[in-house]
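Fit chain A to the given chain X structure using the hints.
Going down the list, the protein sequences come from chains X and A. Just so we're aligned, residue 1 is where the first sequence starts under my numbering, counting upward by one. Just so we're aligned, residue 1001 is where the second sequence starts under my numbering, counting upward by one.
Calculated from the structure, these hints are not laboratory results. All C-beta atoms in this analysis are idealised placements derived from N, C-alpha and C, irrespective of residue type, glycine included. Treat the hints with care, as some may be off.
[Claimed, not checked] Some but not every residue of chain A turned toward chain X, in silico, with C-beta under 10 Å:
{"no.": "1", "residue": "Tyr1025"}
{"no.": "2", "residue": "Val1138"}
{"no.": "3", "residue": "Lys1336"}
{"no.": "4", "residue": "Phe1338"}
[To be verified] Within a straight-line C-alpha distance of at most 30 Å, the following computed DSSO-like cross-link-like pairs (lysine-lysine) qualify:
{"no.": "5", "chain 1": "X", "residue 1": "Lys239", "chain 2": "A", "residue 2": "Lys1140"}
{"no.": "6", "chain 1": "X", "residue 1": "Lys299", "chain 2": "A", "residue 2": "Lys1056"}
{"no.": "7", "chain 1": "X", "residue 1": "Lys236", "chain 2": "A", "residue 2": "Lys1140"}
{"no.": "8", "chain 1": "A", "residue 1": "Lys1278", "chain 2": "X", "residue 2": "Lys11"}
{"no.": "9", "chain 1": "A", "residue 1": "Lys1140", "chain 2": "X", "residue 2": "Lys299"}
{"no.": "10", "chain 1": "X", "residue 1": "Lys11", "chain 2": "X", "residue 2": "Lys205"}
{"no.": "11", "chain 1": "X", "residue 1": "Lys112", "chain 2": "X", "residue 2": "Lys189"}
{"no.": "12", "chain 1": "X", "residue 1": "Lys305", "chain 2": "X", "residue 2": "Lys239"}
{"no.": "13", "chain 1": "A", "residue 1": "Lys1056", "chain 2": "X", "residue 2": "Lys11"}
{"no.": "14", "chain 1": "A", "residue 1": "Lys1112", "chain 2": "X", "residue 2": "Lys299"}
{"no.": "15", "chain 1": "A", "residue 1": "Lys1336", "chain 2": "X", "residue 2": "Lys11"}
{"no.": "16", "chain 1": "X", "residue 1": "Lys305", "chain 2": "A", "residue 2": "Lys1140"}
{"no.": "17", "chain 1": "A", "residue 1": "Lys1112", "chain 2": "X", "residue 2": "Lys239"}
{"no.": "18", "chain 1": "A", "residue 1": "Lys1115", "chain 2": "X", "residue 2": "Lys239"}
{"no.": "19", "chain 1": "X", "residue 1": "Lys263", "chain 2": "A", "residue 2": "Lys1140"}
{"no.": "20", "chain 1": "A", "residue 1": "Lys1279", "chain 2": "X", "residue 2": "Lys5"}
{"no.": "21", "chain 1": "X", "residue 1": "Lys11", "chain 2": "A", "residue 2": "Lys1279"}
[To be verified] Listed next, with one range per pair, are the computed distances between beta-carbon atoms:
{"no.": "22", "chain 1": "X", "residue 1": "Glu210", "chain 2": "A", "residue 2": "Gly1051", "range": "31 to 37 Å"}
{"no.": "23", "chain 1": "X", "residue 1": "Asp276", "chain 2": "A", "residue 2": "Arg1448", "range": "42 to 48 Å"}
{"no.": "24", "chain 1": "A", "residue 1": "Lys1115", "chain 2": "X", "residue 2": "Val151", "range": "51 to 57 Å"}
{"no.": "25", "chain 1": "A", "residue 1": "Pro1408", "chain 2": "X", "residue 2": "Asn253", "range": "42 to 48 Å"}
Here are the chains, one letter per residue:
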Amino acid sequence: MNIEKFQDAIKACRFCFMCRHLSGVGNVTCREADTPRIRAAFLDGVLRDKAWLSNSDFIDAIYSSDLSAACRFHCVNHFDENGLNLAARADIVEAGFAPAAVKALADSLVAKAKALKIKASGGVLYLVDFKSALVPSEAKAFGKIMKKAGVKYAEAEGGLVSKALKVLGFTAEAKEAAAALAKAINASKAEIVVTSNPAVYDELKNDMAEYGIKISAKVMHVAEYLCSLKQKFSKKVGKVFYLESDYLKNYNNAYEFPRELLKKLNAQLGFFGTNDEESYTCGEGAVVLDELKPEIVGKMAEYVKERADNGAVLAVAAPCTKAALSRVGLNALTLTELAAESL
Amino acid sequence: MVVSKKNYMYEMIRDELIDAVGRDYVGTRDADRFGHSIDYYWIPEMWHDRGMETTKPDFVVHPGSAEEVSKVMKIANQYKIPVTTWGGGSGSQGGALPIYGGIVLDTKRMNKVLKIDAESLTVTTETGIIARHLEWTVNKEGYSTMHLPASIACATIGGFLAHRGTGVLSTKWGKIEDMVMSLEVVTPTGEIINTLPVPRHASGPDLTMLYLGSEGTLGVITKVTLKIHPQPESRKFRAYLFEDFHTAMSAGADLMRSRLQPCAIRLYDETETLTHVKKVFGMDIGKGAYLVFGFDGREKIVDLQMEYAREIMEKKYKGKDLGSKGGDLWWENKYKFFYPGYMFHLPQAFGTLDTVADFAHIEKVYWAMKKAVNENFPQARFIGHFSHWYEWGCMLYARFIIEGKDVPQAADEAAALYNKVWDVAIRAAIANGGVINEHHGVGLKLGRFMKELYGNSFPLLEGIKREMDPNNIMNPGKMGFKGV
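Next up, chain A with everything else stripped away, as it sits in the complex:
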């Protein structure tokens, strides 16, 4: 149903929600509803910037436990009210926006670290905890989750699980889906279930993986057990400048094919090397492609791996050694770009076109996306870096930026321009062996590409959604699924 204050059922539903979670935890104030109407997606930011009314939820509910989430889900099913799960609200894809109003289920009250298991090296936590708070907690005991994304200060663990997030050390320690042991989930119909306690088994299909990346469309993840690791004895970085992006990419791919275990590799294309490296790291290194990598663990092993890696960089690819200082500056400033003063901001239009492909395709994807953006939108700049590397390929963190003077003032025209850039860039990625996203998720922004990406397997996903959420209350209209 569409909730309306003019409907006499409004107060009835509000009272039921108060019964479920407590009076303090059902927000209907304008300030609360406004606060949950803008996330990190450019469109609602621009909408607000242009003085347009943003789409707000009717109720903001803060459950304190899985049991309370369950009660909310049952109420929502009873009245067929949309439920949009909100963690930190820092997603860039519009996945947490309540586009049909209804209930926003804010998970941040479920923020307790329940257990640190020093024997199995795992931590069990409620999922509303902000990632930085969890990391600080395990740090105090001498461990790390090794999940260190730029959004660590604002995103919740549940948010990362919901859209398959990643962090700067993913090359060795994995994306969030590699870190999960098991989940507790409240299903759309209000049952509280647990997935199997361990991630490696031959006991049937893996339900954990079904929920990871489901973006609040299949249930609410309320608890997780994650792997943790002892803080490494040593972590060292080194950077190189290569003649061009292709040579640097070949060097990076060779490093991965060598089966050494770098904790991070980051490669900036020539354009981003010129701008980002100078502005953010304070290094004026001239033209070329900047590549930084690092190793962590026992110092002797780190040093040995570094020695082999240097051989690849220097002997085979003739990289100019920027030394450990050139690498340390990247590590020290790894989050700096995301602060105001460095980050892109309105009136600019900008977006992160992240994708991933194997080494056989990743350069093609890069050039195809760049060509598509440059040819169709001469007013746009296209930059890119490659920040999460796998044994078989890597992630392209491409960005487009359009300066404010080239962005229409009318909100609808600005949105149309913005969406067209995504259309051409994402289709170029898919056509060349990429996918629509690597770690920010699909959300509202990319939902329209899901059918194109999945082809004839998308109806299977739709069938799963229908079966699990018969009343279609969970985050409707996202990930390409049916709206209300």
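Chain X on its own, in the form it takes in the complex:
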């Protein structure tokens, strides 16, 4: 079983409470089942008796995780309950126990993978994945900046579903989609690949290597790329509160470049909420949590709303976070949108 590779996390996390306060989902559902401790204790049971894996209640709890990795980042020894959860999802799928909603979502993602279109560019290739495409203002803002900066680029559309398939536990399909994406990127001769979605950034940075796939282009998150431009951003964007990204901070330790960009935009950076440890991304780590568990993502957005000052501008890295926060009436802008406003 895949979870066998995470026995250290199972043993460490199954009775440990030390990251309880950072359970993004647990903090809004108040369920113990939505905490790393109980998920690990359940998977401990699976190691002893595989029949536990067929329990639909536990499967539901496994798929309710926001995979923010805040727990792993916080843990003194960085035990990987997040990786354990992903492994459990793969085991659930391989055993044929994937819930119907998960299976249907995966099928739709596999269909999307076939729609991948990348035109040869040789320069900058901007990836508009299926989640970022749901926030059209993101690509528009990127286009505005590039036009002003006088940089030509090509856009890749469709496909870009590998990370979503991976978090759903469809590992083989995820690898296949990743291989197709890498082949297309390499064929495009792009020198720099830019993505607005931190999940895609992580896919290109880490998943590809895990799958043994090489990408010839340099991979950059849009904030990192915008920092590298000579373009000046002259209008002050005023006071903003930056909400950390799961994939940038917790998965890639990329703490600096979003701040560098905000500094470049002359933003006055406020301290959001009461701490910098909780995830406020509304499920960015789980990529498709908004499709699978919209009620949980809604509660997570309300949780952020309760902590936000009236009218505050919330700067976010992931388009999906912007979408979730906007749905509850918060003034959330992606880093790209803020940069475009600052031109």
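Quick look at chain A alone, frame taken from chain X:
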């Protein structure tokens, strides 16, 4: 009644609970019931580890207000269903385990900070809030509760109130019971009551104190007003190594008798100094007993107090000065031990035998407990530190650890061994002037010692319980009270 899915009343009761708190907040899924069947008590952890079925509640209910708690209590009384209150579930004594099934009343939905009063320096909060979240909230306004236990990340404020918890700064700022102004409580029969608004008065007996430490047997604490304090301008620590534990204890007691006001003192016995200080703080200080203390407040006053304290440590007791670095390392790593990789864990059997006594008795208690464990259980290691100090005495945080190879594989035999260690150690504490616990509570683990500890006053406690909870629905079988 014993709830059963086979009984046609099951759905009726579930519907009534849904009416009370909402459909989303009545859990009957296996995952939810499992999640509330294991707390931080070694026995259910071991039970699960051995593949045994843990005892689960029938319903997990998440009320969002005192009014909803009240409705749940009335339903529970109607059907005589046990109600076990659950906060963070991080208690080590089994106090939140639903040993008779029934309803687990999870308080975490009641997690709002209602008011920070900058004039009186108090905060009013619902009790389901995780302590770390409350501390972060008051920190943002420049205050602190000064309640900083190792379980801050997981335990709720209600949990601390229910078992009289404490934190690392207790020596100056007190245990949770010293921090409380007033409470809102839902009684076992569903009335919502408030205790008096201030803790110091001459207006009759103190109901607040009746509920503190009652561990969910006398009602559900739903709201609390706590004292808060401005963040101190300065907090400084210093550590010393003493020749032996007795000398270090004398130095620590002298520091308290001097009536200086340290915010923390911690003294490790020789065994724990050798292991813990090196492993967790990364300091190789050699043999002896490590003692660390600190002061906080205005910097000038901190420095002056530190000067007097150093005199006691160095001139009178010849402690080896480990400097401020030796103290800062303790403060910086104060929670580190509780993370996996440092904390004891299965297959080891382990437990915290915390007790408290005055200075005239505390060393006797320590030696008696150590002797009792070592002589009866040669396979066990006994270590201890003294982490909460008072004007009159201090708390012993003793631990026993039995390595996995010496713990029986059969769950019942492992439990029997575990319980026997408690029997001899706790009885040794009581016989020498200690009590059965200082800040983890009684719960299921220590209930059997309550009659021994209280003697002929225990029937009075039982009478209070009977009067307040006529149907015995509130956490039955805990704290030595009658089961179902």
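Here's how the hints hold up against the structure:
Here the hint on Tyr1025 (chain A) is kept, as its CB sits about 8 Å from the closest CB of chain X, short of 10 Å. Of the supplied interface hints, the one on Val1138 (chain A) holds, with its beta-carbon coming within about 9 Å of a beta-carbon of chain X, less than 10 Å. Hint status for Lys1336 (chain A) relative to chain X: holds, with the closest Cβ pair at about 6 Å, below 10 Å. At its closest, the beta carbon of Phe1338 (chain A) sits 6 Å from a beta carbon of chain X; the interface hint therefore holds under the 10 Å criterion.
Restraint check for Lys239 (chain X) and Lys1140 (chain A): satisfied, since their Cα atoms lie roughly 18 Å apart, inside the 30 Å limit. Restraint check for Lys299 (chain X) and Lys1056 (chain A): satisfied, since their Cα atoms lie roughly 27 Å apart, inside the 30 Å limit. This hinted pair checks out: Lys236 (chain X) and Lys1140 (chain A) have alpha carbons roughly 27 Å apart, not beyond 30 Å. Proposed proximity of Lys1278 (chain A) and Lys11 (chain X) is supported: the alpha carbons are some 24 Å apart, at most 30 Å.
Pair hint Lys1140 (chain A) plus Lys299 (chain X) holds up; C-alpha atoms about 23 Å apart against a cutoff of 30 Å. Restraint check for Lys11 (chain X) and Lys205 (chain X): satisfied, since their Cα atoms lie roughly 29 Å apart, inside the 30 Å limit. Between Lys112 (chain X) and Lys189 (chain X) the CA atoms are separated by roughly 23 Å; this keeps the pair inside 30 Å, and the hint holds. Among the hinted pairs, Lys305 (chain X) with Lys239 (chain X) is consistent with the structure: their alpha-carbon atoms are about 17 Å apart, no more than 30 Å.
Distance check on the hinted pair: Lys1056 (chain A) and Lys11 (chain X) sit about 22 Å apart at the alpha-carbon level, within 30 Å; holds. Of the supplied pair hints, the one linking Lys1112 (chain A) and Lys299 (chain X) holds, its CA atoms being roughly 15 Å apart against a limit of 30 Å. Restraint check for Lys1336 (chain A) and Lys11 (chain X): satisfied, since their Cα atoms lie roughly 17 Å apart, inside the 30 Å limit. In summary, the hint linking Lys305 (chain X) to Lys1140 (chain A) is supported, as the alpha carbons are separated by about 17 Å, within the 30 Å threshold.
The straight-line distance between the Cα atoms of Lys1112 (chain A) and Lys239 (chain X) is roughly 27 Å, inside the 30 Å bound, and the hint therefore holds. Note on Lys1115 (chain A) and Lys239 (chain X): the hinted pairing holds, with a Cα-Cα distance of about 26 Å set against a maximum of 30 Å. With a C-alpha separation of about 24 Å, the suggested pair Lys263 (chain X) and Lys1140 (chain A) falls inside the 30 Å cut-off, and the hint holds. A hinted pair counts as satisfied when its Cα atoms are at most 30 Å apart, and Lys1279 (chain A) with Lys5 (chain X) qualifies at roughly 27 Å.
Distance hint between Lys11 (chain X) and Lys1279 (chain A) is fulfilled; the C-alpha atoms sit about 20 Å from each other, no more than 30 Å. For the hinted restraint 31 to 37 Å between Glu210 (chain X) and Gly1051 (chain A), the CB-CB distance of approximately 33 Å keeps it satisfied. Here the CB-CB span from Asp276 (chain X) to Arg1448 (chain A) is close to 46 Å, well matched to the stated 42 to 48 Å. As the Cβ distance of Lys1115 (chain A) to Val151 (chain X) is approximately 53 Å, the hint placing it in 51 to 57 Å holds.
In this structure the hint that Pro1408 (chain A) and Asn253 (chain X) lie 42 to 48 Å apart at CB holds, the actual value being about 45 Å.
In summary, the structure agrees with every hint in the numbered list given earlier.
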